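*Asks:* Position chains B, C and D relative to chain A; hints supplied.
So the protein lines, in turn, are chains A, B, C and D. According to my numbering, the first sequence is numbered sequentially starting from 1. According to my numbering, the second sequence is numbered sequentially starting from 1. According to my numbering, the third sequence is numbered sequentially starting from 1. According to my numbering, the fourth sequence is numbered sequentially starting from 1.
The hints are simulated quantities; they were obtained by calculation from the structure and are not laboratory data. Model, not experiment: these values are computed from the prediction. Each hint should be verified, as a subset may be incorrect.
EDC-like cross-link-like pairs, simulated, lysine to aspartate or glutamate; straight-line CA separation at most 16 Å [stated by the list, open to error]: (1) K223(C) - E299(B); (2) K132(B) - D74(B); (3) K56(A) - E147(A); (4) K30(A) - E151(A); (5) K223(D) - E299(A); (6) K56(A) - E27(A); (7) K56(A) - D32(A); (8) K223(A) - E299(D); (9) K56(B) - E151(B); (10) K56(C) - D32(C); (11) K223(B) - E299(C); (12) K132(D) - D74(D).
DEER-style ranges, computed between Cβ atoms [what the hints assert, rightly or not]: (13) N215(C) - Y97(A): 49 to 57 Å; (14) D179(B) - N215(A): 45 to 53 Å; (15) H20(A) - Q2(D): 51 to 59 Å; (16) E151(A) - D179(B): 20 to 28 Å; (17) D179(B) - Q2(C): 53 to 61 Å; (18) D217(D) - E102(A): 44 to 52 Å; (19) T101(C) - E3(B): 44 to 52 Å; (20) R103(B) - N215(C): 46 to 54 Å; (21) G14(B) - P26(C): 50 to 58 Å; (22) E102(A) - M1(C): 51 to 59 Å; (23) Q2(C) - Q18(B): 49 to 57 Å; (24) T29(C) - R7(A): 53 to 61 Å; (25) E151(A) - N181(B): 22 to 30 Å; (26) P26(B) - N215(A): 52 to 60 Å.
Even glycine gets a Cβ: it sits at the ideal position worked out from N, Cα and C.
Number of protein chains: 4
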Amino acid sequence: MQEIVKRAYAWAEGFLGQGHAATFIPELTKQDPNQLGIAITTCDGASYQVGDCHAKFTIQSISKLFLLAVALEDSGFDHVFSRVGMEPSGDQFNSIYRLETERGPANPMINAGAIAVSGCIHGDTVEQRVEKVLALAAACMGVSEVERSAEVFRCEVETGHRNRALAHMMQGNGVLDGDVNEHLETYYHACSMLVDCAMLSRFGAVLANGGQDLNSDRQLLGKETARLLRTLMASCGLYNRAGEFAWRVGVPAKSGSGGGIMAAMPGRMGIGTFSPLLDERGNSVCGQKALEYLSRELELSVY
Amino acid sequence: MQEIVKRAYAWAEGFLGQGHAATFIPELTKQDPNQLGIAITTCDGASYQVGDCHAKFTIQSISKLFLLAVALEDSGFDHVFSRVGMEPSGDQFNSIYRLETERGPANPMINAGAIAVSGCIHGDTVEQRVEKVLALAAACMGVSEVERSAEVFRCEVETGHRNRALAHMMQGNGVLDGDVNEHLETYYHACSMLVDCAMLSRFGAVLANGGQDLNSDRQLLGKETARLLRTLMASCGLYNRAGEFAWRVGVPAKSGSGGGIMAAMPGRMGIGTFSPLLDERGNSVCGQKALEYLSRELELSVY
Amino acid sequence: MQEIVKRAYAWAEGFLGQGHAATFIPELTKQDPNQLGIAITTCDGASYQVGDCHAKFTIQSISKLFLLAVALEDSGFDHVFSRVGMEPSGDQFNSIYRLETERGPANPMINAGAIAVSGCIHGDTVEQRVEKVLALAAACMGVSEVERSAEVFRCEVETGHRNRALAHMMQGNGVLDGDVNEHLETYYHACSMLVDCAMLSRFGAVLANGGQDLNSDRQLLGKETARLLRTLMASCGLYNRAGEFAWRVGVPAKSGSGGGIMAAMPGRMGIGTFSPLLDERGNSVCGQKALEYLSRELELSVY
Amino acid sequence: MQEIVKRAYAWAEGFLGQGHAATFIPELTKQDPNQLGIAITTCDGASYQVGDCHAKFTIQSISKLFLLAVALEDSGFDHVFSRVGMEPSGDQFNSIYRLETERGPANPMINAGAIAVSGCIHGDTVEQRVEKVLALAAACMGVSEVERSAEVFRCEVETGHRNRALAHMMQGNGVLDGDVNEHLETYYHACSMLVDCAMLSRFGAVLANGGQDLNSDRQLLGKETARLLRTLMASCGLYNRAGEFAWRVGVPAKSGSGGGIMAAMPGRMGIGTFSPLLDERGNSVCGQKALEYLSRELELSVY
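Isolated chain A (complex conformation):
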């Protein structure tokens, strides 16, 4: 396996330099663009790592999965999915125009959806809500504590005009209650979690393992919640490149504009990749390539 990961690295490395850094958050452009890391954690706990597997980056959209898991725990499936759909939207991750004609966002993996989901997390303060997200994230990624980038958080708050517009549209449509700024802050705190691709691979392995901890019989996530997350990853995890990714890789996965991708191969393994440059849809170029290679070699496609 280690050998295959090395070969995946060698192949994906050939695409370094392609794509562009995320521009909407100035802080993200400061990353070294030549980083590449690939980590695998199998469901029985073995791990394989090649490249920059301990370089830290912000989790960004991959946190949408933690937000959703906590919201489901707090508000229940029916409440959450009365406010957000589960259909791929065919649009950019920050698109607003469908909220003109449809009440709620298409799915929890686009920005509008994640903000609506954040509004379903209970707590008296932002920090209380964020604590739940952090605790779940730490458990799923096998660390005692998850740090956050205060710089990226601040940057997202300052530049997040579009997200603010999405939130107010949803409040007008009746799918977001309470203090819009609090929900946006909850979302940005989650996005600013610092992770590495080894941690992502661990999260993927937990999802692949039906939500159960790898070292104990503890359910970090309910079994059905884990399946729901994997399903949404498969149909909406790479924004409006989800369809092509399904063909090239075929494994439920979620990308983040920080450069990370997390994939969960049911019953077998989790994979984390990291490389900062993104394609025009906002997904890591080399990360996709690494996953494509691994899928072919390990026959991972679920389809």
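*Replies:* Chains B, C and D alone, transformed into the frame defined by chain A:
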């Protein structure tokens, strides 16, 4: 003339009860729906009034003209029209979807446009900016001071989620700077001005008179500004009913969801109408009917 | 007057070379791009001409007015306007997306609208219907017969995929009956009429004259029909540049992608201009400039 | 297994009467709405059938898979996917508005996509092209010959205004060459194939079996083609209900407005269901319910 206005009243009265009260501002639904007033002020200062010509209502969208006039004064034509267009949009007054693909709003007569325009008014505080609008409005409407409805203002702030979304979209697009909440408040203060249809007819007469005061040779508005306002009224003044209104009435006019309509017949007269029930595009039903009658009888169409 | 037209020519000439030839009809790109003609016909029959006033070009969209006039004659106002609206659309002249959510086209001056209108012209064959259009056009333009460009007609049929799509959408929406190809052919025949700007100015003068012939008391168009055409020209005549044109010129006008513009100043005069290069919305660049100059000098704006 | 299928039938039967018959093809409304059939064919050739498994109905959109397979064979992957994408669109199956801004249709499973794909099938005549589709369909469904409904074909040709509009838009966009009517006819012939749910289950089993015949080692479809079809079914197979279906069922599937659904569980089995009443997205209500039950009982979800 008084006779013709009476006949216009009698005809328009037959349509009382048609349409619906504006629902997006709860305060507006409290109006007596059976009110109807028609007032004419000619460019030489004569006035003709029939019906509820001194019933007060909030000016709402008709204030967009004052906002634009002040913004032009403060920031100049080129700056203002680098941020907002002058084309009819074909969409509802509060539509957001075009801001996904176009940088600025289509014209200053839809909500997004008026908010962008509010952002072009100079002043250290909201109140400073509002003062300018109030002063111009008072001069143009021939009163010493214009009152505002604190209740409607509060109501608009509380329920204006869509407008807030529009403002943040525009900030993201780079056509609205500074503190979004201040611009929205400026806009809402302007909307909450209390007027009657006699005052509106006076404003119309000033516009018809090339911006010049009716009693003096003072230019309340620049001559070109007056023409610009009349032109924008003609193409965008009744939202996405502007085209049909051009055919049925053919006079530059601006409607407000408070139930008012103000029309300016170049060189001849201003007309103000008031009746609270609106058609599905947000324009007073009986007000349109009264104007249609007057246009036919007085051969007002400019086309 | 002749002096003013000369000065308008001199000023507009300075913009020759700006813009681009219509590309969607290959035949239209063969025009000499440096042509410019300006013709005025007053309501009392005087005429003033400077430049290429007898160069022939295809009338294109200006024919939409003749199509509408014949359709109103054949099917009546209520029938025609149950199928097409009278609102500016805010979109490109050949846009289709609104037909997804709205039954009929926004107005008769965009392609979809003109095709729907063609479907309201009675006749057993295409040629019968086209004859009516040609007869009306000849009378209004003061010629015994209007020629057509067989080459442009053929070209439009061959390349008109988008128009065909519009027609089939409308047939699906129930606003276009019968043989779609016949309606498209009727439309293309009308578009292929060969005119010069002197002829256009004559047409404008007839419209300006309330539809009455300039040499007799014969009504070539009903008075109300003439006002309807002028009104639609004002709000929709220059596609999605109608609003800016209203500000810069302020005279009801209709442009064609062949390079012509026809304007009708109520009670005073008609103006025809010709220059082939178009702005990005499809309107002749130098024609607009000439009209802008004339409007300023002759104080033509109706607003 | 037969027991489980019986229980699935009993459960799904409880939803008979819900939904509505397809209305866009009058012929389809003539079906008995109370029919329900469920058929399973395993990859080793065993079959289990309950209910109306031999009632014939038209295959409709499920034929899009055969069209795509033949087009890939004739024109190659690169050519086909230069004209059509592989992303879920988030829109109705017959939506046109995206073709205004995007060159080609989102994926081969919506109408526009299938028409574009039909244009990639080689052949001198419509019948030659249709023959290829019929031959592949017969082989995959385990019958010697597939019949067609001339009545439904005629009906689709007559009422297919929207599809004609889609085709002409694509011709204008340069993603559909040649005679549009021929491509539409090819598509309609494919849609009018008469199948039963036993046949569909057989097709599903062949897809599940990597394209290999169940009785021989013959590849009816290339292994990669089979995976491509399964992948597209997973992301786009149930129109804009694909996401919810992924959660409730989780098996690559394709629905048709004739009432059929075909599912392919990789390596295990194919499932065919039939029940005519459809949900508002165009998918058989009881068929979905049957698949939901089977997925739960047999743990079929691939996610």
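*Asks:* Now, for every hint given, state plainly whether the structure supports it.
*Replies:* Hint by hint, here is what the structure shows:
| no. | hint | in the structure |
| --- | --- | --- |
| 1 | K223(C) - E299(B) | 13 Å, holds |
| 2 | K132(B) - D74(B) | 10 Å, holds |
| 3 | K56(A) - E147(A) | 10 Å, holds |
| 4 | K30(A) - E151(A) | 12 Å, holds |
| 5 | K223(D) - E299(A) | 13 Å, holds |
| 6 | K56(A) - E27(A) | 14 Å, holds |
| 7 | K56(A) - D32(A) | 11 Å, holds |
| 8 | K223(A) - E299(D) | 13 Å, holds |
| 9 | K56(B) - E151(B) | 14 Å, holds |
| 10 | K56(C) - D32(C) | 11 Å, holds |
| 11 | K223(B) - E299(C) | 13 Å, holds |
| 12 | K132(D) - D74(D) | 10 Å, holds |
| 13 | N215(C) - Y97(A): 49 to 57 Å | 54 Å, holds |
| 14 | D179(B) - N215(A): 45 to 53 Å | 51 Å, holds |
| 15 | H20(A) - Q2(D): 51 to 59 Å | 57 Å, holds |
| 16 | E151(A) - D179(B): 20 to 28 Å | 23 Å, holds |
| 17 | D179(B) - Q2(C): 53 to 61 Å | 57 Å, holds |
| 18 | D217(D) - E102(A): 44 to 52 Å | 49 Å, holds |
| 19 | T101(C) - E3(B): 44 to 52 Å | 46 Å, holds |
| 20 | R103(B) - N215(C): 46 to 54 Å | 51 Å, holds |
| 21 | G14(B) - P26(C): 50 to 58 Å | 57 Å, holds |
| 22 | E102(A) - M1(C): 51 to 59 Å | 58 Å, holds |
| 23 | Q2(C) - Q18(B): 49 to 57 Å | 54 Å, holds |
| 24 | T29(C) - R7(A): 53 to 61 Å | 55 Å, holds |
| 25 | E151(A) - N181(B): 22 to 30 Å | 25 Å, holds |
| 26 | P26(B) - N215(A): 52 to 60 Å | 57 Å, holds |
Of the numbered hints stated above, none is contradicted by the structure.
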